[in-house]
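Taken in order, these protein sequences are the chains called A and B. Sequential numbering of the first sequence, starting at 1, is according to the working numbering. Sequential numbering of the second sequence, starting at 1001, is according to the working numbering.
In case anyone wonders, no lab produced these hints; they're calculated from the structure. You may find that some hints are simply not true.
[As the list claims (entries may be wrong)] Now the in silico label distances, taken between C-beta atoms and shown as ranges:
(1) A:I53 <-> B:P1014: 49 to 59 Å
(2) B:N1063 <-> A:Q95: 40 to 50 Å
(3) B:A1029 <-> A:P18: 37 to 47 Å
(4) A:V15 <-> B:Y1076: 41 to 51 Å
[Said to hold, decoys possible] Pairs of lysine-lysine, DSSO-like flavour, derived with a Cα cap of 30 Å:
(5) A:K79 <-> B:K1042
(6) B:K1042 <-> B:K1001
(7) B:K1068 <-> B:K1108
(8) B:K1042 <-> A:K80
(9) B:K1100 <-> B:K1001
(10) B:K1100 <-> A:K79
(11) A:K80 <-> B:K1068
(12) B:K1108 <-> B:K1001
(13) B:K1001 <-> B:K1068
None of the values given here were measured: they were computed from a predicted structure. Ideal Cβ placement from N, Cα and C applies to all residues, glycine included.
As a plain string of letters, each chain reads:
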Amino acid sequence: SQTIHQWPATLVQPVGSPLSLECTVEGTSNPNLYWYRQAAGRGLQLLFYSVGIGQISSEVPQNLSASRPQDRQFILSSKKLLLSDSGFYLCAWSQGDGPQHFGDGTRLSIL
Amino acid sequence: KQEVTQIPAALSVPEGENLVLNCSFTDSAIYNLQWFRQDPGKGLTSLLLIQSSQREQTSGRLNASLDKSSGRSTLYIAASQPGDSATYLCAPSGSGGYQKVTFGIGTKLQVIP
């Protein structure tokens, strides 16, 4: 069966510090991968998606970047965090046009 | 741009009641629609996926319907239980290899024992 792992579960970072969140998927090959952010009282916002290794598309301009160094690994990064980067970050995968499956998320707080 | 509205925003019911959650979307050119549940501080769990060519899908006590032409979907929960307490999210997707999905803010459900 397929599983998705996200870490860390929670993270507290000072403004201006770098960020690296990792997501890995097991049990499937060449999945579509997604990074979402969920802010309080707002719907999930798609940040990045990837249909293959090294293929990254961004949905919104922002202070973040994403990379896919391996087929089932998706990384969300920032060189310098802003207060507005606080939120709940979710990674998801899908196969073709099938349903999306989500990880447990990372709660990011910026001080 | 797809916009998703979910009504009601919050709902509190006694255990055992049947209930309906409503979702409306502005762009009817969708490929499929998913319903998710989200427990506090957790990720999303996929409940049902309805293809645009389908009218409904059922899983256990859950039944989701889709009226694509009118831009509406409903999630019916039969015989509600306290364990059903969560936020329920509706998410229609456009076509495309990356399956662009738009999420509503959700309906927060509380089932009282």
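Do the hints match the structure? See the list:
1. About 51 Å separates the C-beta atoms of I53 of chain A and P1014 of chain B, a value consistent with the hinted range of 49 to 59 Å.
2. Distance hint check: the CB atoms of N1063 of chain B and Q95 of chain A are about 25 Å apart, inconsistent with the given range 40 to 50 Å.
3. Taking the beta carbon of each, A1029 of chain B and P18 of chain A are about 40 Å apart, inside 37 to 47 Å as hinted.
4. About 46 Å separates the C-beta atoms of V15 of chain A and Y1076 of chain B, a value consistent with the hinted range of 41 to 51 Å.
5. Taking the CA atoms of K79 of chain A and K1042 of chain B, the gap is near 26 Å; set against the 30 Å cutoff, the hint holds.
6. Taking the CA atoms of K1042 of chain B and K1001 of chain B, the gap is about 27 Å. The hint holds against a cut of 30 Å.
7. Distance restraint check for K1068 of chain B and K1108 of chain B: the Cα-Cα separation of roughly 24 Å lies within the 30 Å cut-off, and the hinted pair is therefore satisfied.
8. Restraint check for K1042 of chain B and K80 of chain A: the C-alpha separation of about 26 Å stays at or below 30 Å, so the hint holds.
9. Taking the CA atoms of K1100 of chain B and K1001 of chain B, the gap is near 11 Å; set against the 30 Å cutoff, the hint holds.
10. With a C-alpha separation of about 27 Å, the suggested pairing of K1100 of chain B with K79 of chain A holds against the 30 Å cut-off.
11. Simply put, K80 of chain A and K1068 of chain B have alpha-carbon atoms about 43 Å apart, too far for the 30 Å limit, and the pair is violated.
12. Between K1108 of chain B and K1001 of chain B the alpha-carbon distance is near 25 Å, which keeps this suggested pair within the 30 Å criterion.
13. At roughly 16 Å between alpha-carbon atoms, K1001 of chain B and K1068 of chain B fall within 30 Å of each other, so this suggested pair holds.
Hint compliance for this structure: hints 2 and 11 are broken, all remaining hints hold.
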